[in-house]
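Peer 1: Chains A and B, in that order, give the protein sequences.
Under the working numbering, the first residue of the first sequence carries the number 1, and numbering increases by one thereafter.
Under the working numbering, the first residue of the second sequence carries the number 68, and numbering increases by one thereafter.
No wet-lab data here; the hints were simulated from the structure.
Where a beta carbon is used, it is the ideal one built from N, C-alpha and C, also for glycine.
Any given hint could be a false lead.
[Claimed, not checked] No farther apart than 27 Å at their CA atoms in a straight line, the calculated lysine-lysine pairs in the DSS-like style are these: (1) A:31 / B:129; (2) B:118 / A:2; (3) A:31 / B:321; (4) A:31 / B:132; (5) A:44 / B:321; (6) A:31 / A:2; (7) A:31 / B:302; (8) B:302 / A:44; (9) B:321 / B:307.
[As the list claims (entries may be wrong)] Where chain A lies over chain B, by a calculated footprint (3+ residues, C-beta under 8 Å): (10) 75-87; (11) 125-136; (12) 194-205.
Below are the chains, spelled out letter by letter.
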Amino acid sequence: MKLQINGELVDVPDSVSTVSALLEHFGLQSKIVMIEHNRTILAKELHSTQALQDQDQIEIVQFVGGG
Amino acid sequence: MLTIGPYEFNSRLLLGTGKFPNFEIQKEAVSVSQTQILTFAVRRMNIFDAKQPNFLEMLDVKQFKLLPNTAGAVNAEEAVRIARLAKASGLCDMIKVEVIGDWVTLLPDPIETFKACEILLEEGFIVLPYISDDVVLAKRLQQLGVHAVMPGASPIGSGQGIINELNLSFIIEQANVPVIVDAGIGTPADAAQAMALGADAVLLNTAVSGAGDPVKMALAMKMAIEAGRLGYDAKPIPRKRYATASSPLVGLSK
Chain A
1 MKLQINGELV
11 DVPDSVSTVS
21 ALLEHFGLQS
31 KIVMIEHNRT
41 ILAKELHSTQ
51 ALQDQDQIEI
61 VQFVGGG
Chain B
68 MLTIGPYEFN
78 SRLLLGTGKF
88 PNFEIQKEAV
98 SVSQTQILTF
108 AVRRMNIFDA
118 KQPNFLEMLD
128 VKQFKLLPNT
138 AGAVNAEEAV
148 RIARLAKASG
158 LCDMIKVEVI
168 GDWVTLLPDP
178 IETFKACEIL
188 LEEGFIVLPY
198 ISDDVVLAKR
208 LQQLGVHAVM
218 PGASPIGSGQ
228 GIINELNLSF
238 IIEQANVPVI
248 VDAGIGTPAD
258 AAQAMALGAD
268 AVLLNTAVSG
278 AGDPVKMALA
288 MKMAIEAGRL
298 GYDAKPIPRK
308 RYATASSPLV
318 GLSK
């Protein structure tokens, strides 16, 4: 399926069915990340249950240096 | 002791994490500064580069309180979204509300800042707005219930130091929440001056990260902030127009 991730259309296998699976797919499972799914911000506890569908919009953000 | 909302800190130095030459220098600077509060920004991740190092992941997160900022937001709605994203990390509930209203001076938009604070307070955040040295705005935000006010000394990253000491001292005198001087500090003397005026803390980034020796500067800033606060607590003598001799004027041996 195709997902809109951080503004880019990205192809992922259909087996990537949850947010957690998506993070694992990109090797980001141990990273400190925050997720927005179809404009709704997801609490961390929901990563493993939140189901993904074709054309979903995902924002994956992190903390970077800043003042 | 610095108290912000439910949290207490021994250090009165808040340190930004932007623009350090490298992570090693940054780690050392954070360590010598003895800061307990680190600011961060929230940005998109490069998902195709999982090995990209991240400063936060090199720290023992439990040793610090994280103060994410809403930098990049130009209105209340964007600031609130960034704050909610930051909180979704499960690592923090403090937020530095930063809504830029002008891209030349990077001065904050007071109206959008106020609106964002109102929403974030309702949602239970510990709210620290970055503002201009506007005495009335500081007062209004305080009435709203913010947990600290953070007036700028001068424009962000300019290193001009405190350009309106009078306004800053008015803000400090009328404050019933901590006043954290944020932005524009260049030298340890500037930081000491802020503390000597009675500020509760100082937030620095470029003054340290952009210094020729960031580690030395981090230490100098820590010492300046401690000295400034100690001097304030010690109640300095009032300024006088004319001299007052320190040595006795009688009993001179001729």
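Peer 1: State for each hint whether it applies.
Peer 2: Quick rundown of the hints versus the structure:
1. A:31 / B:129: The hint holds at about 16 Å.
2. B:118 / A:2: holds, 24 Å
3. A:31 / B:321: This hinted pair is violated, its Cα atoms lying about 80 Å apart.
4. A:31 / B:132: holds, 19 Å
5. A:44 / B:321: Given pair residue 44 (chain A), residue 321 (chain B) is violated - Cα atoms ~83 Å apart, limit 27 Å.
6. A:31 / A:2: The given pair, whose Cα atoms are some 23 Å apart, holds under the 27 Å limit.
7. A:31 / B:302: violated, 48 Å
8. B:302 / A:44: Roughly 49 Å between the alpha carbons, so the hint for residue 302 (chain B) and residue 44 (chain A) is violated.
9. B:321 / B:307: violated, 30 Å
10. 75-87: holds (count 5)
11. 125-136: holds (count 3)
12. 194-205: Result for this restraint: violated, n = 0.
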